[in-house]
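Asks: The primary structure of each chain is shown beneath.
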Amino acid sequence: MKQFWKSMLKSPSGVIGLFILLLAISVAVFGPMLFPNSPWRMVQRPFLPPFTLSTVPLGTDALGRDVFAGMIFGARVSLLVGLVSTLVALVVGVPIGAMAGYFGGKVDDALMRFTEFFQTIPSFALAIVLVAILQPSIYSIVASIAVVSWPPVARLVRGEVLSLRTREYVQAAVVTGQSNSWIILREILPNALSPVIVLASLMVATAILLESSLAFLGLGDPNLISWGYMVGAGRTVIRQAWWITVFPGVAILISVLGLNLIGEGLNDALNPRLSREGR
Amino acid sequence: MLSFVAQRVVKGVIVLLAIIVLNFFLIRLAPGDPAVVMAGEAGASDQVFVKQLREKFGLDKPLPEQLFIYVKGVVTLDLGFSFRQQAPVAKLIMERLPATLLLTLTAFAISLMLGVLFGTFAARFAGTVLDTAITVFALIFYAMPIFWVALMGILLFSVTMDWLPSFGYDTVGANLTGFAHVVDVARHLVMPAMTLGLFFMATYTRMTRASMLEVKRLDFVKTARAKGLSNAVIQRRHVLRNALLPVVTLAGVHAGTLIGGAVITETVFAWPGIGRLMYDALLQRDYNLLLGVFVTCSVMVLIFNLITDLVYRLVDPRIEFAS
Numbered sequence: 001m002k003q004f005w006k007s008m009l010k011s012p013s014g015v016i017g018l019f020i021l022l023l024a025i026s027v028a029v030f031g032p033m034l035f036p037n038s039p040w041r042m043v044q045r046p047f048l049p050p051f052t053l054s055t056v057p058l059g060t061d062a063l064g065r066d067v068f069a070g071m072i073f074g075a076r077v078s079l080l081v082g083l084v085s086t087l088v089a090l091v092v093g094v095p096i097g098a099m100a101g102y103f104g105g106k107v108d109d110a111l112m113r114f115t116e117f118f119q120t121i122p123s124f125a126l127a128i129v130l131v132a133i134l135q136p137s138i139y140s141i142v143a144s145i146a147v148v149s150w151p152p153v154a155r156l157v158r159g160e161v162l163s164l165r166t167r168e169y170v171q172a173a174v175v176t177g178q179s180n181s182w183i184i185l186r187e188i189l190p191n192a193l194s195p196v197i198v199l200a201s202l203m204v205a206t207a208i209l210l211e212s213s214l215a216f217l218g219l220g221d222p223n224l225i226s227w228g229y230m231v232g233a234g235r236t237v238i239r240q241a242w243w244i245t246v247f248p249g250v251a252i253l254i255s256v257l258g259l260n261l262i263g264e265g266l267n268d269a270l271n272p273r274l275s276r277e278g279r
Numbered sequence: 280m281l282s283f284v285a286q287r288v289v290k291g292v293i294v295l296l297a298i299i300v301l302n303f304f305l306i307r308l309a310p311g312d313p314a315v316v317m318a319g320e321a322g323a324s325d326q327v328f329v330k331q332l333r334e335k336f337g338l339d340k341p342l343p344e345q346l347f348i349y350v351k352g353v354v355t356l357d358l359g360f361s362f363r364q365q366a367p368v369a370k371l372i373m374e375r376l377p378a379t380l381l382l383t384l385t386a387f388a389i390s391l392m393l394g395v396l397f398g399t400f401a402a403r404f405a406g407t408v409l410d411t412a413i414t415v416f417a418l419i420f421y422a423m424p425i426f427w428v429a430l431m432g433i434l435l436f437s438v439t440m441d442w443l444p445s446f447g448y449d450t451v452g453a454n455l456t457g458f459a460h461v462v463d464v465a466r467h468l469v470m471p472a473m474t475l476g477l478f479f480m481a482t483y484t485r486m487t488r489a490s491m492l493e494v495k496r497l498d499f500v501k502t503a504r505a506k507g508l509s510n511a512v513i514q515r516r517h518v519l520r521n522a523l524l525p526v527v528t529l530a531g532v533h534a535g536t537l538i539g540g541a542v543i544t545e546t547v548f549a550w551p552g553i554g555r556l557m558y559d560a561l562l563q564r565d566y567n568l569l570l571g572v573f574v575t576c577s578v579m580v581l582i583f584n585l586i587t588d589l590v591y592r593l594v595d596p597r598i599e600f601a602s
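Top line first, the protein sequences correspond to chains A and B. Sequential numbering of the first sequence, starting at 1, is according to the numbering used here. Sequential numbering of the second sequence, starting at 280, is according to the numbering used here.
Because the hints were derived from the structure by calculation, they are not lab data. It cannot be assumed that every hint is accurate.
Taking lysine-lysine pairs in the DSSO-like style, the calculated list, with each CA pair at most 27 Å apart, reads [as the list claims (entries may be wrong)]:
1. B/351 / B/340
2. A/106 / B/290
3. B/340 / B/330
4. B/370 / B/335
5. B/495 / A/10
6. B/351 / B/330
Treat the numbers as computed from the prediction; the structure is a model and nothing was measured.
Using the sequences plus the hints, can you model the full thing?
Replies: Structure representation (structure tokens):
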């Protein structure tokens, strides 16, 4: 563990990524307490340019709502949806991949055809259709992002399990008569974890992009402000008020960039074999 | 080669059937009785009309039979009727398909060419300032949401500099013909295609760079060098050709993302393709049209995957077709 943090902190991308993520998390957790302006309430005249009033630092939108407040409350939605939908995708993908890799044969065939099927369907189009049909809410958004993002997890875990299954310590566990689930959970999965962690960090980034794209198209939860919704709402008035679309977009860019950098840092730290050379 | 193609086509058809079945059940997930929804869309909701609709679309029959009717309809290119647009769904989609193909294929070509080019440069000059600059830009482009890139493009090139048109397929009312029309469409295409291409360009840049560096270290490159081949020949014939394999795989995997990106790009730039059609269907809760576009997108991805599979086999020096 100590070794892990040491190499993680050695890679510049990991450090920058961690810094950005910590910043985003603290904004999401503490921001609304320190800055209690409601993102839905009219606080000033509409189209107030940024940097004119210190109480509304980033100006107001077409309805006189505080852009800065929207960004702070939006951080909650983006991070929450990103994390939860990734967790759900892991909960679906890891068991499917583990079973396919461990049992092999017909089970593997069936599960992998199923996974490939989901991988062939255009993911964003499926997410749009699902959210539209289930009606937009935070639950339907998380569910549809999870539905479109679990297949890579299953494939990755399957590959890892496939190679670990033939190791001697696993064979030893089989010989001592351990149950299949015990072997998978206690012997194999802990050793297959590092690439899954790397993938998960990148999945959170993709989930944030997906959520913001859905919200941009008007498929966000109508009761929650999110960065994508703000950009979508500012789209029609972009000629008069650039700040309404620019700032929330920068917030998305920075968070996604931070998570991608963490992914790279994790990759360097967890797979030292692949790192360094040629960098 | 032929049997390989046949195998892939059969597999694609099976997946397609599965997608159609999924589609059928998605329609049934939509809130409300389909007949009542359709009657509402058609602007009348008296009991007789609902009953007529139910009979017409076989909604009074048992579920397996309904499924059979639905699959038969889709296979014969009957995707249902859009009451909102007062036209068959298949007709609406066919009208819009060329614009989407033009946009996605242009974006794909731009991203692949520039991505491989930048990736090769970055690998060639690994560790230099050029490499760092390319890597940083690729990381940033990779993290930008497409809809935001589109809006920033409009802000920069249409609003501020007034260089490029910000919406549409051609200039409305200009009635240009021949070459002038081609130029006009091309001017309208620049921003949407660049917007859509940027994300993928970043991906291909990163992938090409990583895999060039990986291949460079392999033994056969050393052999080629020992044979006395020039550096340019080694780079082009030995390193690049092998390094492109993961890029081709990635391009296949990304087909669906490309189509998803097209929905957003077409929405922002009012590009008259099926992505924009999907957005309109979404706004009007026109489920028939929405699911019709969804099936079309899936078919496009299947065809694209088939093509990348073939390209992979053509590019990969380890696979010989002759045998």
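Asks: Confirm or reject each hint.
Replies: Now the hints, each set against the structure:
1. B/351 / B/340: 15 Å, holds
2. A/106 / B/290: Between residue 106 of chain A and residue 290 of chain B the Cα gap is close to 18 Å, so the pair holds against 27 Å.
3. B/340 / B/330: 12 Å, holds
4. B/370 / B/335: 20 Å, holds
5. B/495 / A/10: 26 Å, holds
6. B/351 / B/330: 22 Å, holds
In the structure shown, no violation is registered for any of the earlier numbered hints.
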